[in-house]
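Asker: Go ahead and model the full structure; you've got the sequences and the hints to work with.
Line by line, the protein sequences are chains D and X.
So the first sequence is numbered by this note's numbering: it starts at 1 and just counts up by one.
So the second sequence is numbered by this note's numbering: it starts at 1001 and just counts up by one.
Hints listed in this document are in silico derivations from the structure and should not be mistaken for laboratory results.
Careful: at least some of the hints might be erroneous.
As the list claims (entries may be wrong) - Once the Cα atoms are required to be at most 20 Å apart in a straight line, the calculated SDA-like pairs of lysine to any residue come out as:
(1) K256(D) - H1098(X)
(2) K121(D) - H1098(X)
(3) K1083(X) - E77(D)
(4) K1130(X) - E94(D)
(5) K1110(X) - S1148(X)
Claimed, not checked - To give an idea of the chain D side of the interface with chain X (calculated C-beta under 8 Å), a few residues:
(6) G131
(7) R132
(8) L162
(9) R203
(10) Y206
(11) G207
(12) L210
(13) Y244
(14) K256
(15) T260
Just so it is clear, CB atoms sit at the ideal spot from N, CA and C, and this is done for glycine as well.
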Amino acid sequence: MAAIDLDWEEVRDQLRTWREDNTRHSEEVVDMWEYCLRHYKHKLGDERWMVEEQVVIAGLDCYRLDVAEPSLVSLSEQFTGSLRVRKLKAMRLEALERFDEAIDVYDSIIRLDETNSTARKRKVAVLRGQGRIADAIKELTEYLKIFMSDGEAWQELCDLYLKEGDYAKAAFSNAVLNGNLDNMEIARSYFCQAAKLNPGNVRALYGLFLSCTQVSSSSKCSAQKKKETQQLAAWALKEIADRYSKCRTKAMDGSKILETFGALSLTDKA
Amino acid sequence: MKVKACKMSGDISLACSTLSKMLLHAARYPQSSVSGVVLAQARGGDTTSNTVVLVDAVPLFHLQLSLAPMLEVALTQIEQRYKSEGLIIAGYYQANEHIRDNVPDFVALKIAEKIAENNNDSCLIMIDNKRMCLNLMSAPVIVSQLTSEGKWKSKEKASVHVEAGSLEVISQLLQRRVQHDINDFDNHLDDLTCDWSNPHINKVLTTLTAAAQD
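Answerer: Shown next, in the form of C-alpha cells:
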C-alpha cells in the first residue's frame, strides 16, 4: 500500500496495463491514485481522461465515492454532454442503490444511441444488482438478439441461468459457444476444448475426467463410446497426476491422485 | 478451547481459524459469491458433549459455485487430506454475491444436504455480508442445522459460540488486508502450488492469538 514510494510513471504504466487487459483491480487502482498518481495528473497528457475514468469505476467499485466523485466532476467538465460520462453518472447512481434512476439514465443513452451496447449491458447489471434475475435474463436475451456475437454476454446469460437453477438453459447458453446440444456431452466438449486450448489447465482436466466418467457410466452410452470415453478419462487422470508430481505440492501428490480418483472411474453412477 | 456439555440439541462453536478463513475468503471476493466447507473432529465414542466444534474451514470456490465436477473433486481431496488428522467435513458455508442477500439458495441447500447425508450434525453457514466490517462486534454468520423433519433451521444466537478473541484477531486481519493471501480451491485449480489448507494463514493466526493472550 506504500504506493507513494513507486515511481509515478510505473503507476501510470500499471494502470494502463490493467485498462488494456480489462482486469479488475479496484482496490489497488484507488490506492495508487490516492497515494501517488493524482498528484501527477497534469503530467499524464491525453491519457489523463482514461485514467480518471478508470478511477471513477474503481472508486465506485470500492464504495469510495470520495475518490470517484472528484474524477467524475473533472470528466463532466472536460467532456460536457458526453454519453460515455453519462454512463459513469448512472454507475454512480447504481453504487448509491438508486437503481430506478440509473435505469432511466441508461434508457436515455439508448434512446440517443441505439447501438450503445454498454448501456444495455449495464441495465442487465442493475437488474442483477437488484436481485431481479428473471428480469435480467429477459433483458439480456433481448440484447443478445441484437448483439448475438457478444461472447461475454453469453457467458453472463449462462451465469444467470445457473443462478436460477436452470441447468438445461445454462447448458444451452454454453452450447451456443460450443455448437453441441447433448447435456452431459456439452460438459465434456467444453472441458475438452479448454484442455486443448490450455494443456496446463488442471480445472479442464478434472472436468474432462469427471464428465467422461459420467458419460461412460450412462446407460445410453454405446460400448464403443464407452471405451473411447474411458480411455480419455484415464488419459486426463494421468495428466492431472503428472501436474501434481511436477509441483510437489503438499496438498496432494501425484500417486494419491491416481489412487483417489481412479476409484471414482470404476464406480458406476446411478 | 473449553467445550460446554449441552443437553439441548447442539450448540455450535467456531474456532478462530474457521471463522477467519470464512470471512477472509468472503472479503477477498467482494463482487462474487464464495463457498467452502467447515471441518470437525470425527465423532468417536464421546457422547457427553452435544456441542459441535468446527475447528477449521477450507475455502472452495469464488467462480462457479455450482459445478458438480469441481465440487466432487474438491470434497474428495479434502476428505483424503484430513482423514489422517481425524477430521471430517462437517458443514458448508456460503456468502452470496449480493450484500443484503443472506438466504441460502438452491446451490447452498443442495450441497449442504449432500454433506448432511454423511453427518447429521452438519451445519449450513451463511455469511451475513452486511455485518462484515473492519471492527467486528459479532460474528457475521447465520448457522443452521437440519431438524428431524429435514428442514434447515437457524440456530439461536446464544447457541453459536466463537473462540475467545477471534473477533479482534479477524478485525486485525481485515484491516491489514490479509484476505489477499487466502487460497481457495479455484485458486488451486489455476495454480497447483496454491495450498487450499492455507498453512500461512494458520501461522498468522497463531501469532496473533498468542499476542492477544499476553
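Asker: Could you run down the list of hints and mark each one as holding or not?
Answerer: Checked hints:
1. Of the supplied pair hints, the one linking K256(D) and H1098(X) is violated, its CA atoms being roughly 38 Å apart against a limit of 20 Å.
2. At most 20 Å may separate the alpha-carbon atoms for a hinted pair to count; K121(D) and H1098(X) meet this at roughly 18 Å.
3. Between K1083(X) and E77(D), the direct Cα distance comes to roughly 63 Å. Violation of the 20 Å bound is thereby established for this hinted pair.
4. Distance restraint check for K1130(X) and E94(D): the Cα-Cα separation of roughly 17 Å lies within the 20 Å cut-off, and the hinted pair is therefore satisfied.
5. The hinted pair formed by K1110(X) and S1148(X) meets the criterion: a straight-line CA distance of about 17 Å does not exceed 20 Å.
6. Annotation: G131(D) was flagged as interfacial toward chain X, and the flag holds, the nearest CB pair being 6 Å apart, inside 8 Å.
7. Residue-level restraint check for R132(D) is violated (minimum Cβ-Cβ distance to chain X is 11 Å; threshold 8 Å).
8. Taking 8 Å as the C-beta cut-off, the interface hint given for L162(D) holds, the closest approach to chain X being about 6 Å.
9. Here the hint on R203(D) is kept, as its CB sits about 4 Å from the closest CB of chain X, short of 8 Å.
10. Hint status for Y206(D): holds, given a least beta-carbon distance of 5 Å to chain X, under 8 Å.
11. A distance limit of 8 Å between C-beta atoms decides the matter here; for G207(D) the minimum to chain X is near 5 Å, and the interface restraint holds.
12. Because the beta carbon of L210(D) sits about 4 Å from the nearest beta carbon in chain X, less than 8 Å, this interface hint is met.
13. Taken as an interface hint, Y244(D) checks out: its beta carbon lies about 6 Å from the nearest beta carbon of chain X, inside 8 Å.
14. Taking 8 Å as the C-beta cut-off, the interface hint given for K256(D) holds, the closest approach to chain X being about 7 Å.
15. Proximity of T260(D) to chain X holds as hinted, the smallest CB-CB distance being about 5 Å (cut-off 8 Å).
When the structure is compared with the earlier hints, violations turn up for hints 1, 3, 7 and for no others.
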